[in-house]
Amino acid sequence: MGAVSQRERFAEVVSDLLDTDPAVAVVLADIGVGRFEEIGAVARHPDRVINVGIREQLMISVAGGLALGGLRAFVHSYTPFLIERPFEQIKLDLIHQGVGAVLVSIGASYDAAAEGRTHQSPGDIALLDTLPGFEIHVPGHADEVEVLLRHAATGTEPVYVRLTEAANRSAMPITPGRFHLVREGAVATVISVGPTLDAVLEATSDLDVTILYSATVRPFDRPALRNSISDDVVLVEPYLEGTSAAEVSAALLDRPHRLLSIGVPNGEYRHYGTPAEHEAAHGLDAVGIRRRILEFVGGDGRI
Amino acid sequence: MTTQTEFRYDDLPSLMTRMTGDEKHSTAATSTLDVVWVLYDRILSIDPRDPADPDRDRFFLSKGHGPMAYYAVLAAKGFILPDVLNTFATFDSPLGHHPDATLIPGVEFAAGSLGHGLPVAVGSSLALGINGSPARVFCLLGDAELDEGSNHEAIAFAGRYALDRLTVVVIDNNSSSHAWPGGIARRFEVEGWSTATVDGRDHNAIEHALGAAHAGSPRAVVAVVQGKY
Numbered sequence: 001m002g003a004v005s006q007r008e009r010f011a012e013v014v015s016d017l018l019d020t021d022p023a024v025a026v027v028l029a030d031i032g033v034g035r036f037e038e039i040g041a042v043a044r045h046p047d048r049v050i051n052v053g054i055r056e057q058l059m060i061s062v063a064g065g066l067a068l069g070g071l072r073a074f075v076h077s078y079t080p081f082l083i084e085r086p087f088e089q090i091k092l093d094l095i096h097q098g099v100g101a102v103l104v105s106i107g108a109s110y111d112a113a114a115e116g117r118t119h120q121s122p123g124d125i126a127l128l129d130t131l132p133g134f135e136i137h138v139p140g141h142a143d144e145v146e147v148l149l150r151h152a153a154t155g156t157e158p159v160y161v162r163l164t165e166a167a168n169r170s171a172m173p174i175t176p177g178r179f180h181l182v183r184e185g186a187v188a189t190v191i192s193v194g195p196t197l198d199a200v201l202e203a204t205s206d207l208d209v210t211i212l213y214s215a216t217v218r219p220f221d222r223p224a225l226r227n228s229i230s231d232d233v234v235l236v237e238p239y240l241e242g243t244s245a246a247e248v249s250a251a252l253l254d255r256p257h258r259l260l261s262i263g264v265p266n267g268e269y270r271h272y273g274t275p276a277e278h279e280a281a282h283g284l285d286a287v288g289i290r291r292r293i294l295e296f297v298g299g300d301g302r303i
Numbered sequence: 001m002t003t004q005t006e007f008r009y010d011d012l013p014s015l016m017t018r019m020t021g022d023e024k025h026s027t028a029a030t031s032t033l034d035v036v037w038v039l040y041d042r043i044l045s046i047d048p049r050d051p052a053d054p055d056r057d058r059f060f061l062s063k064g065h066g067p068m069a070y071y072a073v074l075a076a077k078g079f080i081l082p083d084v085l086n087t088f089a090t091f092d093s094p095l096g097h098h099p100d101a102t103l104i105p106g107v108e109f110a111a112g113s114l115g116h117g118l119p120v121a122v123g124s125s126l127a128l129g130i131n132g133s134p135a136r137v138f139c140l141l142g143d144a145e146l147d148e149g150s151n152h153e154a155i156a157f158a159g160r161y162a163l164d165r166l167t168v169v170v171i172d173n174n175s176s177s178h179a180w181p182g183g184i185a186r187r188f189e190v191e192g193w194s195t196a197t198v199d200g201r202d203h204n205a206i207e208h209a210l211g212a213a214h215a216g217s218p219r220a221v222v223a224v225v226q227g228k229y
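Protein chains in written order, with my numbering: chain A, 1 to 303; chain B, 1 to 229.
With the rest of the complex left out, here is chain A (with noise of 0.2 Å):
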């Protein structure tokens, strides 16, 4: 993990934002208020820094009326408080207005595994694709954070940034809407998003495989799927196994292609534990993407 946590470089940007644009606001439900008070930007920003109690439902609504009125909205919480509690209100008071707002999401799919499933959240990126236009960003490292954050606060769409307590040890040079090519292989090509990636080196380092890093899953870079060598398509992501692989079927219609999906599959888990038991139970540490793509690609794969 580095230095800042990707929640800690949240509120640190957030908070510059809020000092150099005064478009830019923030709308929280308790959580992740105290943050922004130890930082100043509760007392420099009261008017933009707003704290609706915790009432999720009117968090997102308060970000739909801010958008209608010409400010961009950062609106935090916890993962299922964010997305799956209030997700009507996304649908109604956000897209179906015609507006946008940034929500960026702490939690992840089981960062907080010892409080169970009502704080686990596995599904939340499936959840919006039932949604149109949304800017999906899945950042492995603080760096990454910032990057993602600068570049919503440009824009006016519907932006989710998808945090997490977990990091890989180096950020990647990103550009936002892009996958970002590691290394190249000729077996496979293994799609690492966000906080995958360290997990996913470790799993492959003697296979010749190609490794595109996505920070960024909508749009789904579809051309940089496709300029790459083997038509056997790994896809590792930190949430709902599956989630993107209509993306992989879209990208390669026209080209014969195998695609395993891995990911946190979809049951009702009744598991505390550590985000690190969780990962192994669900094959997503090191050991379980290795053995799962070599299943898959048959023989060894090394190079």
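Hints in this document: simulated from the structure, not taken from any laboratory.
FRET-style restraints, in silico, Cβ to Cβ: (1) Leu103/B to Ala276/A: 43 to 53 Å; (2) Pro94/B to Leu131/A: 21 to 31 Å; (3) Leu103/B to Leu294/A: 52 to 62 Å; (4) Asp199/B to Ala250/A: 56 to 66 Å.
The model shown is predicted, which means the values in this text are computed figures rather than measured ones.
We put the CB at the ideal spot given by N, CA and C, even for glycine.
The hints should help you fit chain B onto chain A, whose structure is shown.
Chain B alone, transformed into the frame defined by chain A:
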């Protein structure tokens, strides 16, 4: 005030008939008729020639079903051409059974699902304050719509934030299944709102209630009309 056209209040039934095809109009449509007319005729500072003026007053019709009265008033006040009313609810019409703000000039909010207009109106009120605008925000709800919990998140917050540029009109046609102990106005008062309850057909009373000063607190006007049948 809106631009004067040749249409008056007495012309609204004929405009509504363009959509409904007969002279009998549903209670859902007519319950809002007088309040919407008074808003557009006497209260709102809006101009159909400049519907995107950043300092215009905002009107959020949250109770979007039965919008014929709303559309008739928009036509009467010059936001849409009366002939557009004839296309009501057809495939390519901008006028559906629930208004869509992206399709109709002068409409601020795309309504349909209940309990969304007031929370968004709260956000709009905050935005206008941040932008230093003098504009006011009016939001119309139905009494049964108040059953939706999302409204109560907004009512509580608006009271604490003293959003005095915000006025809610609740059309009370006694259609809430379980009603409100102590009356609708009481529900707002306990959250710090200024309130009034008026005859929802009395134009002068509606105008007076909507125009009354309420510095430091949001305003709720309960407009009582005949019950559904």
